[in-house]
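Participant: Listed below, chain by chain, are the residues.
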Amino acid sequence: MQDVLVLMEGIDKSFPGVHALDQCRLELRAGEVLALLGENGAGKSTLMKALAGVHSIDAGQIFYKGKEVTISSPKAAQDLGICMIHQELNLMPHLTVAQNIFIGREPRRAFKFLLDEKAINEQAQQLLDTIHLKIDPRARVADLSVAKQQMVEIAKALSFNSEVLIMDEPTAALTDAEIAELFRIIRQLRDKGVGIIHISHRLEEIKQISDRITVMRDSRYVDTVLTTDVTIDQIINMMVGRTIYESAPEIPENADREIVLEVRNLNRGQAIKTVHFTLKRTAMLGVAGLMGAGRTEVARAIFGADPIDTGEIYIMGKKTTINDPGDAVQHSIGYLSEDRKRYGLALGMDVETNVVLATFKKFQGAFGWVNRVLTRKIAAHYVDALQVKTPSLQQKVKNLSGGNQQKVVIGKWLTRDCDILIFDEPTRGIDIGAKSEIYRLLNDLAQHGKSIIMISSELPEILRMSHRIVVMCEGRITGELSAAEATQERIMAFATQREAAV
Amino acid sequence: MTTTVATSVKKPLVRSEAMQTVLAFAALIVLIIIFSLTSANFLTFNNVVGILLATAVNGVLALGITFVIITGGIDLSVGTVMTFSAVMTGVFITNMGLPVPVGILGGLAAGGLAGFVNGVVIAKLKIPPFIATLGMLNVAKGLSLVISGLKPIYFNDTPVFNSIAMGSVLGSAIPGFDIPNAVLILFITAIIASLILSMTVLGRYTFALGSNEEATRLSGVNVDRWKIAVYTLAGVFTGVAGVLLASRINSAQPALGQGYELDAIAAAVIGGTSLSGGEGTILGTIIGAFIISVLTNGLRILSVPQEWQTVVTGGIIVAAVYLDIVRRRRK
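Chains as they are written, first to last, in our numbering: chain Y, 1 to 502; chain C, 1 to 331.
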């Protein structure tokens with residue numbers, strides 16, 4: 001049996017309001033590729049960041065080559081020989097390949113006073129040669145493709161003589177040819193005895209490259225299996241498990257309702273590819289898919305926040321051009337961003353101001369004077385109707401809990417009286433209790449004649465709320481299911497259906 | 001028969017970063033041509049020397065600020081810190097009677113100290129550079145006034161001090177070529193700055209910080225320490241500018257200085273230093289400094305009122321930044 005390189009046991013980690021890791025374990029052997037799988041938010045990245053010294057852990061033990069270690073910083077991990085390639089690339093785009101690889105450890109000359117640029121380039125060239133990479137060490141990183149940048153990160157990791165290499169979704173942005181090149185390098189490293197942890201959502205790819213698979217779900221360790229022992233269906237089963245709320249949608253869909261929004265043949269670069277769907281009055285359309293599948297991009301395109309290349313949008317059967325969010329609001333479309341703190345709220349201001357922010361014009365009197373009596377009345381009405389828990393209307397929004405902040409955002413869009421509301425991850429970062437309140441609210445809205453698009457990465461949420469579900473993968477819609485047809489397994493199968501597999 | 005496959009790598013003729021420098025240089029040439037066509041007095045030896053001399057102080061000041069802006073920071077304090085250095089030089093030489101070289105080193109140290117404090121406040125206390133250096137702007141201004149007792153300090157007892165900027169080593173070597181030392185000092189400091197930026201670890205980290213500070217930190221670089229080093233270096237260049245200014249006008253004027261920082265920032269930005277960090281060259285900054293002084297000088301020769309000169313300079317700065325943004329968006 002191969003040597004155990006890394007053993008993590010009983011790992012616990014909490015962030016404010018979230019129990020991110022609960023008694024997690026992981027075992028990595030020398031010379032293997034271990035796939036780490038789980039739904040979005042299952043805790044994969046957090047566990048790996050704990051191993052790479054980015055996050056500290058609350059409890060648990062990490063053994064490296066049989067000895068217990070504490071990994072307090074990225075530097076400490078590097079010194080041990082553990083390197084992580086993060087989802088967001090960590091390179092200096094203005095510097096060259098060689099300069100990036102040797103940052104912090106530059107060879108010097110003239111009494112260590114000057115940089116030895118020649119040595120930097122030569123050593124980088126040697127390193128690139130060992131993994132047979134054709135990249136000019138003098139090229140600026142900003143001028144390289146994402147795939148090449150990824151290879152540069154790998155080369156950099158190798159220059160630390162890493163024995164453990166963690167890759168967080170390295171193939172997310174790569175083409176098939178580039179993936180093949182990446183896998184060639186991964187296999188080469190594996191054969192040299194490097195232990196590789198590969199986080200990915202692409203299951204066919206996992207079947208190809210990995211030796212063993214560790215699955216996580218809901219911040220917990222599920223199981224570790226040999227890749228050859230399981231089918232893709234079995235892996236999906238392990239990932240989604242059984243969950244508590246698989247109830248039917250609370251309001252039935254009525255087939256003959258009018259279509260309020262139709263999107264035809266929407267295209268934008270690589271992010272959105274020929275997207276087509278319809279939304280009916282008082283219906284809830286769930287948009288499922290993995291992170292980066294293009295769901296938010298579609299929402300932003302419909303809302304006019306990003307320009308589109310081609311495509312048509314029909315509202316109430318009429319072709320409509322939406323050039324900016326102002327147009328969208330004119331046509332009664334509201335968009336509640338996935339990042340409410342950045343795009344949805346003025347955090348430092350009070351509840352009242354936030355609720356009326358999108359409709360300030362309504363409350364203006366002569367000379368731009370704001371009618372405070374009216375704003376207070378309106379804000380009080382929505383705070384009441386949405387059951388926002390706040391000590392007063394003057395409470396700063398940043399002091400509210402996530403769920404109540406989300407309600408304030410919803411209230412804000414309700415003042416505009418939008419007919420079509422797009423919710424992007426409406427329950428992200430919200431605890432379970434508040435979640436069910438948000439669900440109730442969304443159902444209320446739908447019952448009162450609103451049409452809702454809900455983007456969510458949480459399958460139980462999609463299943464519980466939606467009348468119909470479209471599933472996206474790599475910018476395309478790969479499947480459309482009615483509430484009756486939908487199961488977690490079917491959605492996952494569509495969500496991982498990459499172009500090559502079609 | 002064999003077929004050879006030619007692999008060609010597409011490379012832009014001029015890298016976009018160098019593009020701004022080329023554009024700035026072209027703009028400088030165009031300005032010079034326009035002014036020499038419109039006024040016979042423009043390309044005279046005396047006027048050219050005047051332009052060179054006018055560029056010296058602002059140019060040296062802009063060198064330090066170029067480093068700071070490449071890290072993605074800003075230094076609003078260079079104008080008044082320059083005055084502070086000049087006043088300290090006056091205190092050391094005139095008030096305390098120290099030898100001139102010691103006084104000059106003291107002036108440079110005063111600038112370096114102010115820069116060091118900027119760096120510590122920014123790196124350790126995590127105060128945004130804009131605020132930290134705005135604070136330093138006022139602190140240095142106040143200190144200059146307090147220390148000098150609101151009065152200028154003259155260097156009348158030490159005539160050699162005035163010759164540092166206004167003497168001409170070149171003139172004594174080549175008769176008739178009376179270019180003041182200040183100009184020589186500008187070019188020497190520019191070459192030193194350029195070497196530091198391109199050949200040393202400090203220069204490398206200056207770019208790395210501006211390009212992606214978090215990635216630099218994750219690579220194990222002590223980000224705080226290098227940031228402090230960059231601000232200190234900028235302070236030393238500011239000190240050089242202070243000594244140059246004092247030497248040129250043979251006095252330390254405690255009320256002078258504020259406003260110089262804007263011309264220095266403008267020089268760097270016109271020369272292609274990106275306010276979002278990671279890009280910039282010393283050559284560009286020097287060209288930028290010359291564009292500003294050629295413009296000011298040319299407009300004055302054409303009898304454009306001073307107020308309108310300011311308006312034009314302001315417009316040019318906005319145009320230069322806009323160009324930079326357009327260039328970036330295309331990427």
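Quick caveat, the hints were computed from the structure, so don't treat them as lab data.
Glycine included, every Cβ here is placed at the ideal spot set by N, Cα and C.
Mixed in with the good hints, there may be bad ones.
[Claimed, not checked] A short, non-exhaustive set of chain Y residues, derived as facing chain C with CB atoms under 8 Å:
1) 75
2) 78
3) 81
4) 85
5) 87
6) 90
7) 91
8) 92
9) 93
10) 94
11) 95
12) 103
13) 104
14) 111
15) 114
16) 474
[As the list claims (entries may be wrong)] The calculated lysine-lysine pairs, modelled on DSS-like cross-linking and capped at a C-alpha distance of 27 Å, are:
17) 398/Y / 126/C
18) 126/C / 75/Y
19) 362/Y / 377/Y
20) 75/Y / 124/C
21) 126/C / 396/Y
22) 341/Y / 192/Y
23) 148/Y / 118/Y
24) 126/C / 341/Y
Participant: Look at each hint and say if it fits the structure.
Facilitator: Right, here's what the structure says about each hint:
1. 75: holds (5 Å)
2. 78: For residue 78/Y, the interface hint holds, since the closest Cβ of chain C sits about 6 Å away, which is under 8 Å.
3. 81: Violated, because the Cβ-Cβ distance from residue 81/Y to chain C comes to roughly 14 Å (cut-off 8 Å).
4. 85: Cβ of residue 85/Y sits 11 Å from chain C, so the hint is violated.
5. 87: violated (13 Å)
6. 90: holds (4 Å)
7. 91: Holds, about 6 Å.
8. 92: holds (4 Å)
9. 93: holds (6 Å)
10. 94: holds (4 Å)
11. 95: Nearest chain C Cβ about 6 Å off; hint holds.
12. 103: For residue 103/Y, the interface hint holds, since the closest Cβ of chain C sits about 5 Å away, which is under 8 Å.
13. 104: Holds, about 4 Å.
14. 111: Residue 111/Y check fails; min Cβ-Cβ to chain C is 12 Å, beyond 8 Å.
15. 114: holds (5 Å)
16. 474: violated (24 Å)
17. 398/Y / 126/C: The given pair, whose Cα atoms are some 22 Å apart, holds under the 27 Å limit.
18. 126/C / 75/Y: OK: residue 126/C and residue 75/Y at ~22 Å, within 27 Å.
19. 362/Y / 377/Y: holds (13 Å)
20. 75/Y / 124/C: Within the cut-off at roughly 20 Å; holds.
21. 126/C / 396/Y: holds (25 Å)
22. 341/Y / 192/Y: Measuring from Cα to Cα gives roughly 46 Å; hence the hint is violated.
23. 148/Y / 118/Y: holds (22 Å)
24. 126/C / 341/Y: holds (22 Å)
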